[in-house]
Every structure is written in C-alpha cells, then in structure tokens.
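Protein chains in written order, with the working numbering: chain C, 1 to 385; chain E, 1001 to 1385; chain F, 2001 to 2403; chain H, 3001 to 3403.
These aren't lab readings, by the way, just hints derived from the structure by calculation. The reader is advised that the hints may include incorrect statements.
Label-pair ranges, simulated between beta-carbon atoms [claimed, not checked]: (1) E/1202 to F/2325: 30 to 36 Å; (2) H/3401 to E/1055: 21 to 27 Å; (3) E/1067 to F/2321: 47 to 53 Å; (4) F/2285 to C/263: 51 to 57 Å; (5) H/3279 to C/69: 50 to 56 Å; (6) C/190 to H/3278: 52 to 58 Å; (7) F/2118 to C/263: 26 to 32 Å.
Ideal placement from N, C-alpha and C gives every residue a C-beta, glycine not left out.
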Amino acid sequence: MQAASIQSRIEIAHSEEEALLTLSAAELLGKRWDFGDVRRALTSTTGYDASLYQQMAELGWLSLATPAAYGGAGMPVGALASLAEPMGKQLLGSPFLATTLASQLLLGAGSEAQKQHWLPKLGSGAAIGSIALSEPGESYAMLPTCVRLATSGTGFTLSGTKCFVLDAQHADLVLVSALHDGRPVVVLLEASALAGRIRRETLIDETRRSARIDLSGLLIGRDALLPAADATVAIEHTLRVAWLLLSAEMAGGAEGVLQLTLDYLKTRKQFGKFIGGYQALKHPMVEIMCAIEQGRSLLYHAATVFEQASVEREIALRMAKAQLGETYTHAADRSIQFHGAVGFTYECHAQLFFRRAQWAQHAFGDALHHRKKLGELMLRDASAF
Amino acid sequence: MQAASIQSRIEIAHSEEEALLTLSAAELLGKRWDFGDVRRALTSTTGYDASLYQQMAELGWLSLATPAAYGGAGMPVGALASLAEPMGKQLLGSPFLATTLASQLLLGAGSEAQKQHWLPKLGSGAAIGSIALSEPGESYAMLPTCVRLATSGTGFTLSGTKCFVLDAQHADLVLVSALHDGRPVVVLLEASALAGRIRRETLIDETRRSARIDLSGLLIGRDALLPAADATVAIEHTLRVAWLLLSAEMAGGAEGVLQLTLDYLKTRKQFGKFIGGYQALKHPMVEIMCAIEQGRSLLYHAATVFEQASVEREIALRMAKAQLGETYTHAADRSIQFHGAVGFTYECHAQLFFRRAQWAQHAFGDALHHRKKLGELMLRDASAF
Amino acid sequence: MSDDPSAQELESFRKQVRTWLGANAPKPPRFKLPDSFMEVGTDEQFNYLRDWQQKAYLAGYIGMSWPKQYGGGGMPAAYQAVVNSEMARANVPFMVNLIGLFWAGPTIMKLGSEEQKKRYIPKILSAEEIWCQGFSEPENGSDLANAQTTAIREGDEYVLRGTKVWTSLGVYAHHMILLARTDKSGPSKYHGLSFFLAPMRVPNVETTPIRKMTGEHGFTETRFDDARIPASCLLGEEGQGWSVALTTLMFERGNDGGQAGGLAMVPLRVAQVIELAQVMQRDGKPAIEDPVIREQLVRFAIEERGLELSQYRMRIPSLTQPRPFAIPMMSKLVMSELRRRLCAFAVSLQGEAGNLYVGDPDAWSDGDWQRSYMNAFSATIGGGTSQIQMNILGERVLGLAKG
Amino acid sequence: MSDDPSAQELESFRKQVRTWLGANAPKPPRFKLPDSFMEVGTDEQFNYLRDWQQKAYLAGYIGMSWPKQYGGGGMPAAYQAVVNSEMARANVPFMVNLIGLFWAGPTIMKLGSEEQKKRYIPKILSAEEIWCQGFSEPENGSDLANAQTTAIREGDEYVLRGTKVWTSLGVYAHHMILLARTDKSGPSKYHGLSFFLAPMRVPNVETTPIRKMTGEHGFTETRFDDARIPASCLLGEEGQGWSVALTTLMFERGNDGGQAGGLAMVPLRVAQVIELAQVMQRDGKPAIEDPVIREQLVRFAIEERGLELSQYRMRIPSLTQPRPFAIPMMSKLVMSELRRRLCAFAVSLQGEAGNLYVGDPDAWSDGDWQRSYMNAFSATIGGGTSQIQMNILGERVLGLAKG
C-alpha cells in the first residue's frame, strides 16, 4: 500500500543548520545532562544547571529565533524544534522554554527600547525571562480574563492572580498579560517588582519550576506597558511557539521513554525469556513506536509551515500538540506498567518521563482542547484537508 | 479487590422458570437450528423455518409475556431475555422479535376487541405480526415524524414511508405509527392492505428480513386506528422491549462468536503451536470475555428491573444496549481477524455473527445514541448512580 | 446461598450498620491518608488505620462469617457483604491488615492446622498482629515459582537466606507469608518450595524501605541473613509450598470466597469524577457540559455498573454459565485497569490544574487524583501484572494453550 | 534523492498529469467496481480495469522510473510519485495488475536474470500478462516458510504438486510467483524452498474460486496436480526461495522502493467520511454537528495526516533517525488498520441506514462503506496479518527478542 496522497509542495523541510542543531544538542546534553543530573536537579531550588545554561547561551540556542538586530541568529521559529526535541529526550530542566517564549512575546508586543534592552540579555543568558498568561480556574482561556490593568495617577494598578508562570522565582523579567479597557495588553515586570508576590507551585513534574503570582494592588509605571494597544496577535504568536516547543519536547520525551522501556525489555528475563519477546509487551511497544513516528511527522510539518500565516499552520500545530500529548502520556504509562514493580519505584526513571508527560500534555492546551479547536478549523467543509 | 458496593435490594433475579426457559431454548435450538440451517435460511424467502416456529409457539415462547386473558403465560417481559439470549447465540432467524414487539404494542395501545382477536393468533403462531416505527432519513427519532394519518370521509388516509419493518413480507398484521393531529397514533394494517406497497430491503444481516413500506394514499377504515389517543407511552414501552430483546440477542451472539473463535484458536496451529497460545490473540480474547461478562450482568439487571417504572430502568436498558452493541461488534470483528484468511471467506461462520452484530448494534439506537441519552439521564447530578 | 438471611433481615441489619458507622466512622485526620495498605508510610497513618480496624472488629463487623472459635462472628457471609457495602458508601478507611484479612487469613483457614488457626486468626482480625507477604524477589516478579530464597531445616528450626521485595507493611508486620525453597533437587521450579508463616521480629531479618513513584514510602525490601524461625511456622507439607501459594493467589486475585471483610482500598467511584467534572471549567463552562467528556463519563459509568452487577450476579449459579469462575477471576484485572484509566481521566479533566501535585494549596482535593493515578499501578502490577492475569484467564478460564 | 527534479519541474509535470487525467480518466461503469485487485470477480470488472492500466501505461504514467530497456520510462521516481498522488486525487481506478507492478515486478527487477527481465517486465507494465501470488497454503497462512507444495526437477522441467490458497486474480492470471519445496532434506523449513515464475495456463493447474465474506468472488484456490513448468521459470538459485520470498514480502509490506506506480486500491479518505457526516442526520441535525462525532473525525484526520506526512518524511534522511526503516515497514500495518477502523466508523455513522447493504436502492452510496469495512480485512490479514506485522516490527525495527 502507499500514502493516499503525496504532495509536491514542501510539506516537510529540514535544513542542514537544523540537522546540525539537533546533533549538537544531542551531543552536548548527552555529555552534560544524564539521569544523575536530572535527579540532582529535582531537589535543587532552580531545577537547572547554570553553567550548562550558559553554554547553551554561548551556542546561540537562547537567541536562535531572535533577529540579528537584537543579537540573535534570526533563524525561523521552526528551527527551535530541532533543539527542543533532544532537550525533551534528555529530560533537560532549564529556563529555555520560558525565556524563549518571553523573547517571542517581547518581539511581538515590545517597544524598540524594550527589545533593545532585554533581547540581548535574554539571548546571552544574562537574564532569564518568562511569561504569565494562565489564570486560576480557567482552563486554556489563553487571553486574560481576570487580571486587569487600571490607570492610576501617572501609572497603572494591577489586580488578579497569574499561575503556572515558569521559572518565575529566578526570572529577571516576567511578561504579564492583562485586560486594559477590555483589550488584552502585556506589561513587563522586573523581579524587584514581584518580590513577596511569588509562591512556588508544587508540580507533578518535579523537573519544572513554576509559580503563582499575586498581582493585586501592584503599582507600575507607564513604561512597564508594552506599546501594542491590542496584544492579542503577539500573545497568539507566543502560544503557537509554545505549542511547537512542547510538541517537540514531547516527541523527544516519547522517544526517550520508548528507549528506556526497550532497554528494560531487552535485559529483563522472566520464565527464562527476555520479556520483550512476549507479544503482550512487544505489540504495545510497536504501537507506541508507530504513534511516535506519526507524531514526529506532524511535528516536523508544523515546524516547516510555522512561518506561513495560514489556517494550515494552526491545524498543523494543534494536531502535533494533541497527538504527541497522548502519545507521550501513553508511552510513559506503559513504561511504568512494563517495568513491573520496578517501574513503580521512585528510583526507576520511568516516573520522570511519566510526570513530565503529564505536565506537557496539559500545558498550553490538552488534546481534548486542541481537537475541539481542530474541529472548528477543519469540519466546516470536507475539502479543508 | 472487591466491588465498590453491593446492594441488598434485588439487582438481579433469575427465577427457576427463567432458568428452565434458557435451558429448553438452548436444547431445542441446539437440536433444530445449526449452522447448516442458518445457511439454508440465508437464501430462503422468509428466512425462517415454519415448523420450528410452530414448535416455539407450542412451547409458549410467542405468548410468554402475553396476559393469560389473551392466551399467554403472563410472565414478566424480563423473562423474554431468557429466550432471546440463546436465540442470538444460535443465530436463529425467526419472526419472534417482530411478533413479540407487535404483541406488546397491541397490548399497550390496542382496543379490547383488537387484543382479543389478534393476541391469541400471534401467540399461537397462527399469525405473524410486526411494527413499523422507523422512517427514512431520521436515525432513531423513534416517534413518527413524516408518516401522517389524515381524516378522510369515514376513514383515514396515510402518507409517507416506513422502513426496516421486520418480516413485513410475511406478516399478517403490521402496526404502524403515524402523526394524527400532531399526536402519535398507531394503526393496524392487515397484509391485504399492504399488497404492492412492500419492497424487501437488502440487509447487511442476511439472516433477517425487513422491508420498506410505501403508505402514500393508503385509505383505511376507522376500526384500523388503535384507540390510544396518544400512543407515545405504548410506543416507548415497545422500544424498551426491543432494547431488552436485542441486548439479550447480542449477549448470546457475542458468546456464540467468542466460542467460534476459541474453537479455531484451540485447533489451528501455526509455527508448530496452537495459535491460541499467542498473547496477541489470547489477550484480546480475554478482554472480549470480560466485556461479555459485564454486558451480561447489565442485561440481567435490565431484565430484572424491567417492570419497575423508573429512571433506573431506562438507564439499565440503555446501558445494556450500548455496551452489548459494542461488545458484540468488536467480538465479531476480532473473530474475522483471528480466523486469518479463512475468516475472510463467506464459508466461515464468523461473517454470520459479524453481519448480525452490525444489524443489532444499529437497530433501535446505537451505542452513541444511547450513551447520549444516558448522559441526559445520569449527569444531572452525580448521586444518580 | 441456602443459609442466606431474608432481604428484610439484611435491610434492618443494614440500617443498624449505617447507624453505627454514622456514630463511629473515624474523623478525617490532619495528615494525608494513603490510597491503600500499599502506601502506609508513616506511624501516624499506621496507628490511625490499625485503631480503626480494631474498633470495627470489636463492633463485630470484621470476620463476621469466620468461625467463632477463631474470633469470628460465625454468621452468614451476606452480613459481611452488607457491612462492606455500607463501609464503601460511608467512605470509611480501608483495613490496614489487609494481607492478613484477605490473603493470609483465608489461606490459614483453608490449609492451616488447628493450632495455627487458633494462634494466628484472632490477632489477624483484631489487627494485633499485622501481616505482610514474601513472594516476589528481585529477579522473580511475575515468575513467583522461581523463588531463590532458601529455608534449610536444622532441628526444630528453618534457616532463611535470601531477599524478598515489594513487601508492603514490611516495617509494621509481625508475620510474613513466605515462599522459600526447602529443596533444590526437585525436577522443576515448582517442586521443593515451602510456605511459611514467618515471624518478622527475629534476628537477622532486615527491612529497608523502598520509595515509590509518588514519592511516598510504604513497601520494603526484606533481607534474610540466616534468620532462624521455628519449624512450626511451616504451613502445609514441606515441598507443597507452590500449591499453598496458588491458594493464596486465588484469594489475592479476586476470588472473594472466605475473606474477612472490610474495605481493601479507598474506593474510587465514577460519581466522584462526575463531581469533579461539575467543578472544573472548560471554555468558560463546567466540564460536565462538554459532550465529549459526558460521553467518556457515561462509558466509565457503564463499566463500573457492569462490574458492580457482576459481583452480584456471580452468586446466582444459573446466570454464571458457561464460566462459573470468570467473574471472581477477572475482578482484579478489570477493576484495577478501570481504576487506572479512571484516575488518568480525572487528572486530564483538570486541564492545566492537573499539573499541580500533592502539597500544593491550590491543587484540587490536594492532588488526590494525580497521586491515585500513580498508585493505581500498584494494583495493575502487584499481585500479578495485568499481563499475567490475562494469561491466567486465557488459559484457565478460556482453555487456550499456554504461550 | 540527488536525481530529484526541481519543485518547479514537478509542478509543471503535475499540471500536465492533471490535464491528462481530466481528459482520460475512465468513465464510471454501470457495474460496481471492486475495492482492490483482491475483489475482482467478474470479466467486465477485469476488462475495464485492464484497459485502464493499458491506457495509463501507453500514456507513460506507469513504470516511469523503471529502465527503458524493460519498457519503463527511465525517469526519476519523483515523477511517478506525482502521478500516484494525482491519480489518488482524481480518484481513478487502481491498477489491476498490482501483484505484477508492486511485488512480482520489483522482485524480478532486483533478482531476475536479464532474460527474465526482458521476458516479463514489459508485459507486467502493459497489463498484457496478469500476475498472481502463490505463497499461502491451506495449512500455512502466517507460517509461509512451511510451504508443502513440491517442485521436483525432471530434465528441463519442474513438476509441481500441492495447493495454494487465497490466490487473488487466480482466474485471470498468466503467471504466478510461486514458493515451492525442491528439497525436503534441509536442516530447517527455510531450506529447500525455491521461487518460481510459474505459468498458470498449463495442464494440471486447476483454479477454484473462493467466495468472500462480502459475497463477492475474487480469489481462488489453485491446485497443482503434477503440473510441468520449464526449469527457466526458477528465479534465483534452487533452494534460495525463502530469501527471494522475503524480498517480495518487503515490497508487499510497504517498503515502496522501486514499485511501478499507479494506485494499489481505492483510496479511502477521512474527507469522504466527513462528507458522509454532513449528509447523515442525528437527532434532527447533520451528524457532523455532534461533538462526539466531530472528536472522532478529528482523531482520524490526525492519524491520516500523520501517515501521509510520514510518507513524505521518510525521504529526508536527517529526520528518520534512529529508525530509518520504521516508516516503510510500518505502513502496511498502520494504513490497513486505520482503513478498517475508518470504514467501521463510516458504517456506524449511518445509524439504522447502516444496516442496508450493497444492492439496496436506498443504501447510502450503494453500501460501499459496509462492503469496504468487510474488504478492509483483506489488508489486515493478507500479506501477513497485523499480528505478524507487529512481530516483525518489534523484532526487526525495535530489536526485541523473538517470541
């Protein structure tokens, strides 16, 4: 049999630069970030290795998609997937995601001065950035609903609470979305302004750090407001970047937990046979492998079309996020089961992937959410795809 | 582990009479209706064995739930499940379902004279009955929408078309639902009135006979109208009987196809081993067996509470129909696959179950339909179950 | 069952139990309770749960159907079933001495000597003596018959040497049901095994806690380094250990004939997930209004109902043909897998909030669902993995060939 | 691929193909067309399909990448890919000589002698000679290497004796790729097999049609009763048949290197099921407005897209690590299973109307979905069942132990 249809337009492209990025990321992380490092980071405050992060900065990973004008490599956002996939496979804990999203949001909504001041710092690792979009109680509203920005005197007053702000406790700046005169805006808050307002969250994924931020009554100056009168476009762009990066991370993570499980099935014997020989374990592993292969294809396609402003892009991104979210969580769930009693221990690495898969599938929209949106995008008329 | 809860009220009851019914049905059909008989019936016009049907009548199966006043045994409707289950297991083709539903509808909506005249005939096998509820284009409307009954002169005129009328071509009477002054009514049509208006349908289940009936312009006398001014209650009762009978038939059919498959897995060898030893076949069979056991429990509960007018009854019936519909179709689908190339032939009996499962899962509401209704019944408040 | 009391008798008894539970159900503690006996990790958890079992036993609600001479109630099993269902309804804690009540006790009742019954059963019921299980070994999880721990007879004693793992309650247990090899010369691994009721508090028995994926403790590794136990601890004949173990496994894997009663673990009900769906918001509406979520909730409800009703049906012989043992033998598999899927769904229902974990003040119900999802694997893996269960069902219930 | 033409070249070629198809796509016949070559049951079906292949071949759209000297086009494979995709888009019939074009032809191209290539390839492309496959036997479906049909060398001939089953196109075929045993003394079943390009139209070869579950005919049982074929029909060395057969199976099981092109079967697209959902009514509304149905449609669309894109990705080496052969080797499994589930869903979408079957005037699209659901099993069973495929993938791609 054959694919029902093979298009001639470029569905998936992979430049040599991207191929090299993937290789160098796999190489560096293979050297610098093994399971031992993951375990050490679980109990550390920041959850990452500052010297490794610095090395990532020097390799240009933190400014990859930042325009040259701001000290970046100016590569297309799609190229970030080539880094995020190996990071996911190695369970890297780092502010890469938060900082990248902050850079992208700043690019979309910031003033020239703000970009000139912050983007080089974020790219060099001199500063860590984050974004605060989520609010308690509202799953996947994406745009601000309760956090408001009111004019007061020469500046503004904020009200409300943000949650799931990645790396907030060690971030130098946090970009916060808020409603101002009924329109979404973004304000830039420096660490000093947030002192005493940050409470670390206890996450199912112990390799992550995020916090809840109480903004009630916070007074800020006019210059903290990003100029975009309506930040919707910039926020939506940032969400798309998040979908892409998480899809890539999940593709890598699913591959990582697949290989962890395979290693066990190839070495563990029961009843005198390698347990990987039992169809009850072999066939589910094959199904997981097939799902990963399909998910990766969706991911690379999403990365390829990321620059095109089209419905196809949004379909591609949401498909990747939905499919890989379920593939990763399922692969991790089966890894626990197939490791038997060992898989049920804290010492078995399967739980690291399991917990990360849970986090990644829920963050920035779960499969149910994205499939619902996909229905709206694709089911108007059948020719849509 | 143990059941989360065991009630003391009677969830499932099974009288000695019912146990005997099941045994005698299994015994008679085992003797009189094997796969050879099924195959012969596939190509026959009526699809059933008249002498066997007469024997069923003499055993009282056709009047089991008909009150003694009309020559029946006056057993609760739930007892019918004890007959329908073995019938499904043996793939019996017969007007049992159609005639039973006609009797129940007549009991609910008919005049004393109509009941006195027809119920004994239906129970003795002297007459075959059927019901015409479905209309083209509307899945599971259950109540009439297009077929209308208009007053004309001393009688009425019918308009519209009915479909999926079981055994219509050899039925002596058909009870037809129609809209009259915006309310559902039922009219009794004898075979003579339908001459030339019946077109046999080609069904996926070749053991069934059903037809489409064109009613346009059919003139009928006043006495053909069943007296119930609003037949909704009687129709809904008849639907519940159909759900119960089909659930029982599907439980039996699922068991039948399970055993057919097991027989093959226990005798067929590949690579020098009985293929039933391979987990790729063994474990799915176990899952099917577990689903059948759960489905049977739902069925027997539905039969037990059938006489209680309660939400619980409707929940029980819809649960059984939904679960067994999916269990039967899945069991038949896997039977084809696990028989390998043999399963793909017309000669393999798996296709007989496969086609019957398709029919039964769709008739009188498929799983999707019933789960939707169950949501309305159960999800108002959590305490409902 | 012929000795079953009438429905009226049971109904009035049910009222009585309900009243007692209303008055005596233990108050929720300040600390977090475990999901099951497999997660008992702290003394305060253990003491709280042991006290509850003692209270229930003294009230006559545990071991009701066991013989009076061994501390039981000597009543029809139906009464215990009522108590169990009322305990589930009242959502009271499970019985901490579960291994004693559900597995070791029934095995001793069935195969033990008169002395052994007198010696062990009463304190199992009263929770004075806690039991643990020593079947699995590091190299033999599914392949239990391959046990390498040895028990060498020396005079009136056996000398134990070897390691057992995944010993729930290992730190609290007084006794262990232990599978050890008394003879290595047998023709197969099934020969030469013996079954012991081994004391845990003797020299040269060392237990090391193992941490679970949830971060909790609760089971241990138990090392026997020439530990000496009295020969009277042997249950059944020397060398007959495997058949004794199979009896225990039958009790463990759901065939609930003769178990002492009480709850085995915190019952999770679809109704709780429905409540969750009523609270959680999706697209600005309660999640329960989302048709896709409703569909899934109904699917779960049908599964749960089918299982519940099966527990009822299995006591009606005319409705259990052609597989009279299918329901008891499938219970562990089907219930544990349903529990796992139900928990996973309950976590995903929470959307982004599902990423908060036990200890976060904003986690829904303190992250119970997240923790329960992980703990659900203890039941899909422990006591024979689901994969092993399916082999057993396929071979013993469906009669398919061994793999 | 280095010899790949530019995107512009391909685009203009695509336009040209599209125009040709617009003008030359065969008119829908009065009779019902089969789902695939496995369901060709009547002469009018066969002739219609053969004529279409001949027409496409004469236009230069079949075997485009095969060498000129054997009747091919000698062009880069990318052109054939464009033709294939345009044929799918135009929904034209599949190529009836599929076994020749996709399995037998590539095998001969790879392992055949110069004479054999000259003799067979051109007429495979032109459909002048139809091919069938003789691997399976009544007792050996999955276990192909266990073939019992014998081929005894006598002078310049081999004498064939035995039975092959599930021979698609058996009644129309001129040649069969045949796996037979030339030596029974080998150390294992894999030894002593030989691979023949056997003529079908010689004495003592008898084909009996087998009826399929759909009611259609299309494959046959082929009995060899001392049928004599020239020794020149041997492909490869005598006794090397199994390794030749494995090559054929690689082509058959989705590794699409070197196949001649054209459509393998009627493509079923999720878009068609969406159209169906727009027409079918549920609760007085189009089924496509039911959120549960929408969710399922989107799930299918994601699967289909992932597969489609994988066929594209597989040609980009830097994106196929660490399993370069995973995609080609998994295609048959994943596509055939998706097709089965998609058809089953399309039937259920029709509700009660899904109970009508081929031939009923009121059946939606003449019951195509109902028939296609049943025919879908030909792909999940034929050419190695899905269960066998998973073994192969688990062992060869994931490196897991043999069962």
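Okay, the hints, checked on the actual structure:
For residue 1202 of chain E and residue 2325 of chain F, the hinted distance range of 30 to 36 Å is not satisfied, since their beta carbons lie about 44 Å from each other. For the pair residue 3401 of chain H and residue 1055 of chain E, the supplied restraint of 21 to 27 Å is violated, since their beta-carbon distance comes to about 57 Å. For the pair residue 1067 of chain E and residue 2321 of chain F, the beta carbons lie near 31 Å from each other, so the given range of 47 to 53 Å is not met. Hint check: residue 2285 of chain F to residue 263 of chain C, Cβ distance near 45 Å, so the stated range 51 to 57 Å is violated.
Judged by the Cβ atoms, the range 50 to 56 Å given for residue 3279 of chain H and residue 69 of chain C holds: they are separated by roughly 54 Å. Distance hint check for residue 190 of chain C and residue 3278 of chain H: the Cβ-Cβ separation is about 54 Å, which falls inside the suggested range of 52 to 58 Å. In this structure the hint that residue 2118 of chain F and residue 263 of chain C lie 26 to 32 Å apart at CB is violated, the actual value being about 51 Å.
Checked against the numbered hints above, the structure breaks hints 1, 2, 3, 4, 7 and satisfies the rest.
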